[in-house]
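With the hints as your guide, set chain R with the ligands onto chain S.
Just so you know, the sequences run in chain order S and R. Oh and the first sequence: position 43 is 43 in our numbering, straight run, nothing missing. Add 1000 to the 1-based position in the second sequence for our numbering, that's all there is to it.
Because the hints were derived from the structure by calculation, they are not lab data. As the structure is a prediction and not an experimental result, all values here were calculated from the model. Take these hints with a grain of salt, some might be off.
Stated by the list, open to error - Under 10 Å between C-beta atoms, here's a sample of chain S residues computed to sit facing chain R:
#: 1; residue: V81
#: 2; residue: G100
#: 3; residue: P171
#: 4; residue: T174
The beta carbon of each residue, even a glycine, is placed where N, CA and C say it ideally should be.
So the chains spell out like this:
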Amino acid sequence: MALDLSYNKYADVTLDEKERLFDEVKADLRYHHALYGCYECGICVAACPSARFYDFSPRVIAQAAAREDADLIYTLMNDSVWDCSQCFSCDRCPRHNSPGMLITIMREVAVNNGLQTARKALEGYGRIIYKIMSTGTQVSPDMLQPNAFPDWGGHVHEISENLDIWRRALPPETLHTTETGWAVDDKTIIELYLIWHMTGVMNMIEEIDSGLHMILVDVMEEKLEEAGYDLSF
Amino acid sequence: MIHLPVISAKDREFHLPDEPPTEDHHEALEELEREGEIIIQRIPEPYIEVQTKFGRTKKIPVQKTWHHKSCGQCGHIPGYSTSIFWLNRQLGLDYLDPKDQTSCTAWNYYASATSNPAAQAAVAIRNFAAAFETGYFPIIHCGTSFGHYKEVRQSLIHYPELRKQVRDIMAKLGKKLVIPEEIVHYSEWVYALRDRIAERQVVDMSHITATVHPACHYHKLIEEDAIYTPEIYGAQRTAVITGVLQKLGINVADYSTWFDCCGFGFRHILVSRDFSRSFAVQRKIEVMMEEAHPDLTVTHDTGCVTTLDQSQFAGKAHGKKVGLPVLADSQVAALAMGAHPYKVLQMHWHNTDNKPFLEKLGLDPEQKWREFEEAVAKLKDGSKKYLTWEDTD
Ligand code: SF4
Ligand code: SF4
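Looking at chain S on its own, in the form it has when it is part of the complex (with noise of 0.2 Å):
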């Protein structure tokens, strides 16, 4: 789809809006090792996976933020940052910028400030933020189901009816689990909901999905208080 990059496109938002949002981006303290300013020479599009594929270009994101263009980059953080493949081959930039960089803080903001466009950007993505935060392993071998991934083929389906025999027939004794990569430690995954709470990740996640957030609350609260934590620090 053809990117719009017209002034003014989301012009039931104010200007004023648009600058606190990209204030907020540069306010992260990775923003000016991200941004030394931008030759326009196109080399990071040259490396860029999502270039190829999608209207996309870090070159127009880097000169948006290096012109400190508020409106435009109010564009881009809604209409642009979630194609980023976030693989960094534009650190190869000539300005020792990291437009990937640039575009992590951009999602960043836009999740924390609930964008709508972030939201349906992460529709069907909350499974695996659960996961990640519940169990300290992303992936999982239970997530190998035929409906997930049906473009697999029925490789997956081979898999998911043999999974049970086929973990128990790893070697590494960690590995016997289905519900998550590897086996993790109760005190373990304990500290990691500590983690959570303590970095404010628990509130972005309300601030993107309560629904998800609810349940989060519910799963860590409860292994927090069988270890003796109260949230209240």
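Just chain R with the ligands now, with coordinates in the frame of chain S:
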């Protein structure tokens, strides 16, 4: 006609600049340790010294390694990690496969941005501190964990406020802010040990042609930590994978999209796979097959094996030129040393037909599969709960 002077071969050698263009993380870490801000976990002896992109020396631990596992490897391509452990066992090296380890959570971070630098750094340092407490040195299985942990290290070096935040969190967990002397990827360990692996090679691979796909987060993200050597690609491309394959006698063939990523995309592989499939098939697999005619392609990361392998099914449905087996370097090294293709390499978790490749190596895939099924029958009839390393011999 313009006469161009002929330059002697000696003069045409590539020379690194005297001063590396990037800062030396070793010095920065040492200074922070002197100031009492962090603890450095040092590489245990014995170690092997290798050279990185800008000519610095990196120490690779030989043993006493703490295996930081990968979600995608353990979850969906478990023969990847099993082969790493098998190599350690065959070489008689001490290692630890911990349960006190979480994912680096960076796959989720790069996919959804539902995290932040403090959380990411705290997850990393919690794992590093857990390794430090055991006395074993972390070795990172996933390319993204490797790249991300280098990013975390860089952030912790540069941002005192982040250090303070992470130190306070660690104090609440009863842990210290520990940073390893080097962030070591498992493929660097395979590379460093390639002579020992080749000494034990029992399967001839000299008639095999392979292409190599290097992982973006290995050699592009904080590029200076990746291994380079003048003997391989004249130090213009990373030497990992290629150095191992060449040592095993495999012909590594070049192709024009070597630098391209695999198409994984983090969020794309999960919720926007049309992009991943198209990229993997059209920019990587088809190009490799048309230009290099390989028997297999070899890579060293979770996402790359997954994307390059799984995408070929849809490619076939679209009549694309596909059918190229995809393995990790650890699997190829184990196979060369005689590991079982199903009990150790777990090749049945891979998608693209790899039987012709096994046959070309003189192995009988049907017979090997029967051996695996016989072992598994004991699990089915209840006479055994699990297969163990003894069953792989
Ligand atoms: S490579 Fe760097 S300088 Fe060139 S266009 Fe991209 S961001 Fe700008
Ligand atoms: S990180 Fe994003 S912008 Fe940069 S090369 Fe990769 S896909 Fe393109």
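Okay, the hints, checked on the actual structure:
1. V81: Holds - the Cβ of S/V81 comes within 10 Å of chain R, reaching about 9 Å at its closest.
2. G100: With Cβ-Cβ at 8 Å, under 10 Å, it holds.
3. P171: holds, 5 Å
4. T174: holds, 5 Å
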